[in-house]
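Protein sequences appear in the order of chains P and V. In terms of the working numbering, the first sequence opens at residue 1 and continues consecutively. In terms of the working numbering, the second sequence opens at residue 1 and continues consecutively.
The set of hints was computed from the structure by calculation and includes no laboratory data. You may find that some hints are simply not true.
[Stated by the list, open to error] To list a few chain P residues with every Cβ distance to chain V over 10 angstroms, as calculated:
#: 1; residue: S4
#: 2; residue: F109
#: 3; residue: D110
#: 4; residue: E158
#: 5; residue: F255
#: 6; residue: R530
#: 7; residue: W569
#: 8; residue: R596
#: 9; residue: G668
[Stated by the list, open to error] Partial pick of chain P residues on the chain V-facing surface, computed with a CB cut under 8 angstroms:
#: 10; residue: A78
#: 11; residue: T130
#: 12; residue: L141
#: 13; residue: N254
#: 14; residue: E260
#: 15; residue: R261
#: 16; residue: I508
#: 17; residue: G510
C-beta: ideal position from N, C-alpha, C; glycine also.
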Amino acid sequence: MSQSFRIPGKGRLSPSRGLRFFFDGKAFDALEGDTVASALLANGVHLAGRSYKYHRPRGILTAGSEEPNALIGVSNTAATHVPNVRATVQEVHDGLVTRSQNRWPSLAFDLGAVNSLGAPFFSAGFYYKTFMWPKAAWKALYEPVIRQAAGLGVSPKEPDPDHYASRYEHCDVLVVGGGAVGLAAALAAANAGASVILCDEQAQCGGAMRHESGARISGRSGWDWAQDAVAQLKAMDNVRVLTRTTAFGYHTQNFVALAERVTDHLADGKDLPRERLWQVRAKRVILATGAIERQLVFGGNDLPGVMFANAARTYLNHYGVAAGRKVAVFTACDSAYGAAFDLARAGSAVAVIVDWRHDVPEDLSRQAQELGIKILAGHRVVQAKGRLRIASISVAHRDGGQERSFPVDSLIISGGWTPSVHLYSQSRGKVAWDADTQRFLPGDPVQDCVTVGACDGTDDLARGVAQGIEAGKAAATAAGHAGGDQPDVAVEACESYAGGLAGDAGQIKGKAFVDYQNDVTAKDIRQAVREGMHSIEHVKRFTTNGMASDQGKLSNMHGLAIAADSLGWPIPDVGLTTFRQPYTPVTFGTIVNHGRGDLFDVTRRTTIDGWAQDNGAVFEDVGNWKRARFFPQGGEDMHAAVNRECRTVREAAGLFDASTLGKIEVVGPDAGAFMDLMYTNPMSKLGVGKLRYGIMCREDGFVYDDGVVGRVAEDRFHVTTTTGGAPRVLHHMEDYLQTEFPHLKVWLTSVTEQWAVVAVQGPKAREIVAPFVSGVDLSTEAFPHMSMAECEVCGVPARLFRVSFTGETGFEINVPAAYGRSVWEILQARGAEFGACTYGTETMHVLRAEKGYIIVGQDTDGTVTPFDAGYGWAVAKKKKDFVGIRGLKRPDLVADGRKQLVGLTTSDPAMVLEEGAQIVADPNQPVPMTMIGHVTSSYWSENCGRSIALALVAGGRDRMGQTLHVPMPDRTIAVTVTEPVFFDPKGERLHG
Amino acid sequence: MRKYSAFAIAREALRSHKGWEKQWDSPEPRAAYDVVIVGAGGHGLATAYYLAKEHGVTNIAVLDKGWLGGGNTGRNTTIIRSNYLYDESAALYDHAVKLWDGLSQDLNYNVMYSARGVMMLAHNVHDEQVFKRHIHANRLNGVDNEWLSPAEAKAYCPPLNIASSARYPVVGAALQRRGGTARHDAVAWGYARAAAARGVHIIQNCAVTGIRRSADGAVEGVETTRGFIGAKKVGVVAAGNTTPIMEMAGLRMPLESFPLQALVSEPVKPVFPCVVMSNTVHAYISQSDKGELVIGAGTDQYTSYSQTGGLHILSHTLEAICEMFPIFSRMKMMRSWGGIVDVTPDRSPILAKTPVRGLYVNCGWGTGGFKATPGSGHVFAHTIARDEPHKINAAYTLERFRTGRLIDEAAAAAVAH
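Excised from the complex, chain P in its bound form:
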């Protein structure tokens, strides 16, 4: 299609650089540098979308990220689809595919528009008042229909093929906003030698210079000066200029998050990341975020062809596109006049300038007169009319009277400018109401930040630039950089931004939109107030004003003003909704950046893990470790493999990679005293070269973790923890050491990954291990169960533990992690000669359950004391203090009837109970049943030739031999309460 609204000689795009893109399946020509919006307008297309509720035709209102209407879907492939993209932000590239949203079957003919007929019923919050009868219809009918109607675009349907990047950066000065004021600030700071980051959400810096034609700086047009300034900044080593980069979140301690769009404007992004998250910590932040123009509230203010003044000028002066051939202007602000003048000079007919204000500045009326443009001061547009595009406006005096009609194809509007205080407000700064100019302005900064230019309420460019320079220099000085050249910024001419109107422009005819995207009208706001919504937060939530994807950038001030007017209160008394991050919507992928797939969470593998992978192990996730669960042979399933492994360990021996167990080195002159406090056991009494099973409680007396503790030296303990518990145990210890026991001289070091641990368990364990151990007599007499020694194993330094989690003779050999696999392979080969196997966590679980050894977190759950678990022997009787000692004395923790760990056997030995199954005394009671416990561990025990289970049962120790019941969905299983030890109850094999 030809670009019939592109004005030759206007704009800054090169006519020789043509592109082609698609909108709703139709090909359109565009120029390099166009946005989808400017390209559509160049082709005379204003209709870009349908509204949320009423499916009203909507056009292109703005030329920036605040656009509420022209939201499109962008998708070159199903996987790269993005919904709700602002056509005013998305740059065109060759072959770009875009679609309109929320319409069926087509944008021009949308059946959803029948909703408009029901508009009288769809008043604010109508859904809270109906859809309640019959009750079942909510789920079956009403809600699905409402849901289908809501939402704008459609979610992507396939995983995102793109990748995203992340950078951390520090700087002396972060300047947000690359308009003239921000550029001046950046130049001043950079010239002084400060490190500067300047970011701007647009493809090019320049801010308001993009649309203004009247500004002249240092002998050039404002735009040309801005581009020179950017070039100057880019040439400096201490400056980073980031365009297409939105500062979206201002956090504590001057931490600002920026989102950079890297490839969305490129036809071929190659292997660049799609977007990049910048996490910037700045010594000082200069907010030069400008102001956002807002609409006027009158009937039909949403028709395609209605456009903001700054947008119409941007399209003309930057993109060379006329918004219409016959335009009118409706304004309450000086700055819209420039749009009329520029359009008139470019050849559009300007039917009339309707100014809400009674007094028009003289120079503006003179210029209008020169161009032959009529001004109707003290008038208003009563209603804009048209179907898919504005066709006419009716104009009347503000006080009423005769309406006059003007045929137009475009209406340029301006309700004035709202300072962009979002980031300032996110920094926790409070805004203050400025009664003179009827707007909220930044108050005192809370963090080290300064607001300059239009966002600070400075409308005059010369003054704004001066502010910027001063702020830039001050920021540099504060960072220790004085001096430098004064930047060359002489503002010789600028335009006026005076005026503005918040609230509705007189008696409304038709629908006057306050929040375009959410279809909130002035009437809705007034209704909300009538219904008692007097806080602006209530008004917002009841009407959804300001809750659309532009987050109230256009609607907040109008909503507030109308609510205040309805209440008869001053605006500040109604309150202001909180500005939340993000400033504009930010892609999930950008925030996630590298944290996906394998990098979602660290995958921890032991140094022996490669051997397990090579030998067909099946793995399970435990914490962030991958652990070998079992080693199937010859097509075995888990059951068969585990049975074989269990049998082999008890008949010969087995090797187990225990490297994942947490390990903490507790060192210092007070190490013994500290260990006494952290564990229930009397650890200070542990002899050097000895091991002890320890239990750690929380303050409340419940079991927190367990593990074997070795005393390496008088001042040195080697502490082991559960695999999943290692980080929290270290944290728990550090917490107490730093807050409760800071007087103790103790240092804690995580050494989990410093040691690889090979467990060799079984009757042949000693024979397997002995030849490789230097300097330790491994006989039971010389090195009994629960001994440890520092020695060499396979020629590498080792900490050798005689310890068992299987009930067999066992050794755990700690060697420096790098030697793990070679030591493992040597022992594995040696073990094979004795018929030993390798086994995984599943066999480990079965073997320990046969012995009644608990797994913290499985057989205990944070409500179990050491006594409940049958480990009362591990609680020192004579210690005066340890973490949990008071908790353990609380009445309920010593009461009768607590749940205690017991064994369970089923009458059918083949029946394996389900872990988590509940236990009752009376299986015939009605629901809700009184449950007296649950099955914590349950396995088939090949060694016992039957199923075994551990359970927590109320008063369990007193129920030995009792029959209890496990009700399952399809039947009830009778069980007998037993001791929790099923194999070698006397523990003789440990000492073999």
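Go by the hints and put chain V onto chain P.
For chain V alone, coordinates are given in the frame of chain P:
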């Protein structure tokens, strides 16, 4: 109170909606009330409503330092479920679920309770053990909860990634079909309107600055920014701010307050049919009726009264979301916010009388208070009216932290709540 209905809307449509009456008034406070509730959130307003409706106590004021429903009621991710492990929790939360079902009709306000199902993902053997324990206990308590295979979970929630190549593959899920969501603001407004209609005074922008006690220690009323307001009984339902309020009566609460964050995406057409929670990868997600993906994060690590939080918390949450639902990576975060949650040592609430005569407290809901709103208000009203707990909240005492009779759901899950 004039009834809401489709007919009423039609009537108002004919007169430009000018005839709607105020949903609640903003009265001047009386000198004294029978009961003063501190905190006009969902729980406080529900308490007032049930006091009026079921106990005939209508001389009530509900005070709030800000606007009603402006705390955690208006900030949470609106998840409703009752598949808790312990009898005490199952009873309390299921009491609430029973009230949710029918609440719109009871209040004559559509709170949009949507029983779309809450699915909790299991990612490892331990999760499976824990969830199955819940499922067995729930069944015997008469609470619905069922185990789904990964394929069944995906059928219930098509965007779910069940690939075994995921960093933490889904090994199954526990589904409570009666679980779901409701429209949070409507809950506050519905209770406010229904309570106001029964004569309850809702007094907004009225901060409590002190609790006055008589010589014998009993409560006499509250000092406020709008003067002294007498009260025979005071119920404190102040969520994150409970600690400072209770200190005014000389009571030190076993509570810590943490920031908790949430976010929503831009709205899209229906794509996510239920609620999915994963404790293991730390994320909660549903889609609102408006089309936004509503995503909850975990609490900050450090205590604070600031209703904001760090970007790293949101990053971690979105990482989990994109890991479980890779199709959402190109969706955009539209708004994020924070609330303050009050957490007890066992992460279960306190709904009880206090050592101060005439002073009652309802707090400690941590990250999960919204789902309990109707049940909590209902039994707390009973507790205030009768000066003794309902049997459902009898266990939720302050004393339990001294006796050790805890209701520790988080410990039972052996993971962060």
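- Message: Are any of the numbered hints broken by this structure? If so, which, sorted upward?
- Response: As far as the earlier hints go, 4, 5, 6, 8, 10, 12, 13, 14, 15, 16, 17 are violated by this structure, in ascending order.
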